[in-house]
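S.K.: Residues per chain, in single letters:
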Amino acid sequence: EPEVTQTPSHQVTQMGQEVILRCVPISNHLYFYWYRQILGQKVEFLVSFYNNEISEKSEIFDDQFSVERPDGSNFTLKIRSTKLEDSAMYFCASSEQGIPEQYFGPGTRLTVT
Amino acid sequence: AQTVTQSQPEMSVQEAETVTLSCTYDTSENNYYLFWYKQPPSRQMILVIRQEAYKQQNATENRFSVNFQKAAKSFSLKISDSQLGDTAMYFCAFMKPQTSGSRLTFGEGTQLTVNP
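Order-wise, the sequence lines are chains Z and R.
Residue 97 in my numbering sits at position 97 of the first sequence, and the numbers go up by one each step.
Position in the second sequence (first residue = 1) + 1000 = my numbering.
So that you can see chain Z by itself, here it is in the shape it has in the complex (with noise of 0.2 angstroms):
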């Protein structure tokens, strides 16, 4: 059965430093997520991705944050100078068109020091 799959599976940063997080959704699926969950919260939305565009997006998403599609396969989520408080586990879902189910990846979790 197909999958989200996303890497790295653990990230450790140093504060600043700028990270790629790395996701490649299930191939015919057209719409592309990320969330972040810091640990022992609740599941937040952050973007969503469509026709090579943001659709919508959080007010946790602000300037540090940009996502991407470079290529047909992939979809990436950059922080350009990560914060302490950036440090959760962040993940990756699509969805396919008039389907509202999303299929989430097994997350990155990000550590920032």
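A portion of the hints provided could be inaccurate.
[Unchecked claim] Pairs of lysine to aspartate or glutamate residues, derived as DMTMM-like cross-links and limited to a Cα-Cα distance of at most 25 angstroms, are as follows:
#, chain 1, residue 1, chain 2, residue 2
1, Z, Lys78, Z, Glu3
2, Z, Lys57, R, Asp1086
3, R, Lys1078, Z, Glu101
4, Z, Lys78, Z, Glu53
5, Z, Lys42, R, Glu1052
6, Z, Lys42, R, Asp1026
7, Z, Lys78, R, Glu1029
8, Z, Lys78, Z, Glu56
9, R, Lys1073, Z, Glu44
10, Z, Lys57, R, Glu1010
11, R, Lys1096, Z, Glu96
12, R, Lys1055, Z, Glu59
13, Z, Lys42, R, Asp1086
14, R, Lys1096, Z, Glu85
15, R, Lys1096, Z, Glu3
16, R, Lys1096, R, Asp1081
17, R, Lys1096, Z, Glu56
18, R, Lys1055, Z, Glu3
19, Z, Lys57, R, Glu1029
20, R, Lys1070, Z, Glu53
21, R, Lys1073, Z, Glu101
22, R, Lys1096, Z, Glu101
23, Z, Lys42, R, Glu1029
24, R, Lys1070, Z, Asp63
25, R, Lys1096, Z, Glu18
26, Z, Lys83, R, Glu1108
27, R, Lys1096, Z, Asp71
28, Z, Lys42, R, Glu1010
The set of hints was computed from the structure by calculation and includes no laboratory data.
Go by the hints and put chain R onto chain Z.
M.R.: Just chain R now, with coordinates in the frame of chain Z:
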């Protein structure tokens, strides 16, 4: 803005018994979807069940069923014949459908422990 509330931070149940997890939401929308996701210790988010607001019939997936009360804005999850593998955090989620992609709004989660 939509909000989702799960008022039970933790619940436990004996193996083979039935447990119900509660969820309420607030919205002015008439057309929407509700979901339950399961997050085991691996932290993977796994879709359990989906309910369309326009459907009166409650959704069922094997041992999992929902009690959807649209007027009361309530969406509870019933797990029958609980198994040890059901131990996980369960999140209720709301979605307003949009043509360009729809965000999920999650509740705080309920940690369910199934005891042998």
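S.K.: Hints the structure violates: just list their numbers, smallest first.
M.R.: 2, 7, 10, 12, 14, 16, 18, 20, 24, 25 and 27
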